[in-house]
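Undergrad: Chain C is already provided as a structure; the job is to place chain W on it using the hints.
Keeping their order, the protein sequence lines are chains C and W.
Residue numbering for the first sequence follows the numbering used here, beginning at 9 and increasing consecutively.
Residue numbering for the second sequence follows the numbering used here, beginning at 54 and increasing consecutively.
Worth double-checking, as some hints may not be accurate.
A few chain W residues that face chain C, going by a derived Cβ cut-off under 8 Å, partial list only [what the hints assert, rightly or not]:
| # | residue |
| --- | --- |
| 1 | 75 |
| 2 | 140 |
| 3 | 154 |
| 4 | 157 |
| 5 | 229 |
| 6 | 232 |
| 7 | 233 |
| 8 | 368 |
| 9 | 370 |
Think of the hints as simulated: they come from the structure by calculation, not from any bench.
Please read these numbers as outputs of a predicted model, since none were measured by experiment.
Cβ atoms here follow ideal geometry from the backbone N, Cα and C, with glycine treated the same way.
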Amino acid sequence: MVIDTLKCVGCSDCVVACQTENDVPIGYCRDWITERVDGSYPNLELELRSERCNHCDNAPCVRCCPTGASHIVDGGVVMVTEDECIGCGACIESCPYDARYQHPDGYVDKCTFCHHRLEKGQLPACVSVCPTKCMYFGDLDNPNSEVSQLLKNRKYKTLAPEAGTNPHVFYLI
Amino acid sequence: MQEELFTSGRNIPHIDPSLEIWHWPISLYLFLGGLSAGLLFFAALFYILGKDKEYPTTVKIASIVPPIALSIGLLALVYDLTHKLYTWQLYMTFRIESPMSWGAWVLLIVTPISFIWTFSYYREIYPRWEQKLQVFKRFKFLNAVEKFAQDNRIYMAYALIPLTLVLGIYTGILLSAFNARPLWNNAILGPLFLVSGLSTGAAAIILLSKNKLEKHTFGKIDLALIIVELALIVHMIMGYYAGSQVQLEAMELLVNGEFTLMFFGFVVILGLIIPAIMELIELIGFKVPAVVPALLVLLGGLVFRFVMVEAGQITRFLY
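Looking at chain C on its own, in the form it has when it is part of the complex (with noise of 0.2 Å):
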C-alpha cells in the first residue's frame, strides 16, 4: 500500500469506511489518523496521514505468536485466525505500530488489508473511499503496477525502519 501524505487531508473517511466494511465494534478501529506537525513557529511543517498494520515482511507479531494464529498469506498480507488465537498479547507487545487490539470476543484483530475484497478483486475498504485519492494499493512485486512506479518516481519513507521490521505501508513525502 502506498500512501500519499501531500495529498491526505486527514478526513477520517478511510477509518470510517474500515470500521463499517470491517464491522469493527465501536471505540475500537483498525486504522487512524495521525497528524505530526514539525518545526518552529512560523515555519511549521504539517503532515498527514492514514496509518494501519504495516503487514511487515519480518513480522514481530509472527514470530512472536505461539499458536500460530498469526500468520503471513500469500501475497503478503499479515492475518490472525480468530479460532487460534489465545489472546495471550504477545503480538500487541512486539508491534511498533500498535496496530493490533484486543477484541471484545477475547480474539486480537487488525488490519487485513480487506483480504475477503481482495480475493473478490476489489480495493480494500479504505483505499476505495478516499476523496483526494492518496491511497494506492497493488502488486509490489510488479514493476509495472502503479505502486511499484509509484515508488520509482518519488520519494518515501516508512515507519520506524529501525525497528527492522520491513514494513509494507510506503508513505510518499
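TA: This is chain W only, laid out in the frame that chain C set:
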C-alpha cells in the same frame, strides 16, 4: 532549528489506554516461575550429587513450593488470556521462534514432574498429614505410583536440570523477544531472569531450612548469585547507554524516571546489595538472622518482575 512540535495520538478510547495489556498476573507468574525453576534446579542438582541426606530442605521439604507456585502461576497466566477457551491451541503446535510456545511446552512437562517429585517424598516428609488423611489406605494404587516415582527420581532429576534452566531463561526471553518494547529488547534479560530466579530459589531454601549446614551453603550460593545478578544489571544498563535513542529513552525510566525509586531502591539496594552485605557478614562469622536477607531477596525478585513488566510496556518506538 527543526523541532517536532506535536504528533497526534490516536485517541481511541478502547485501544490506547489498554495497550498495556500485560497486568499483574504476568509479573506474578514470572516471579513464581523463576522461583520454581530455582527450587527445582537446586533439588535436582543436590539429588544428583547424592546430598539429599545433608540437604533435606533443598531436595525434599522445599519441593512442596514449586507445584503450588506453578499452579498459581499457570492460573494467573490463563486469567490474563482474553480468549481463554482456546488455551488448548497452545498445544496444537510448537513454534520454535516464539518464546511463549517454548514456555508453554516446558511448563507442560515441568509442572507434572514437580508434582510427582513432591509426591515421592510425601509420606517421608509429612507423616502426620498421612495419618490424618489416610490417602494411601483409601487409594491403594497410590502405593504403586509412589514406588514408580521413587524409583525414577534420578531420571526426573536429570530431566529437571535442563528443563528448569529453560524455564528460568524463558521468563526473560519472553520479554526480550519483543521488537517494539526497547526496555525489554536486550539479550541480557534471559540470563538476568534466570539468575534472579535461582537467587530467589536459594533464598526460599534458606527461609524454610532448619539445618545450619544447609543455611550456610545456600547463603554462599545466594551471595554468588546476587553478585552475578548485580553484574548483569550493570551490563544491562551499559547496553542501554550504548543503544539507540529508543533504548536511551527506555533507560531513563529506570535511571532517572518514574521507576527509579522502585528499581534502585527496592530491587538493587533493598533486594540485592543489603542482603548481599548481610550474607557476607554472616559468612565472616557474625550472627545475622538469615530470614531477613532471604525475605529481602524474595521481595526484590518480585518487585523486579513488576518493574520490568510495567516499565517495559511504557517504552515504544516513536515515529
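Undergrad: Please flag the earlier hints that this structure goes against, numbers listed from lowest up.
TA: Numbers 5 and 8 - these are the hints that the structure violates, sorted from lowest upward.
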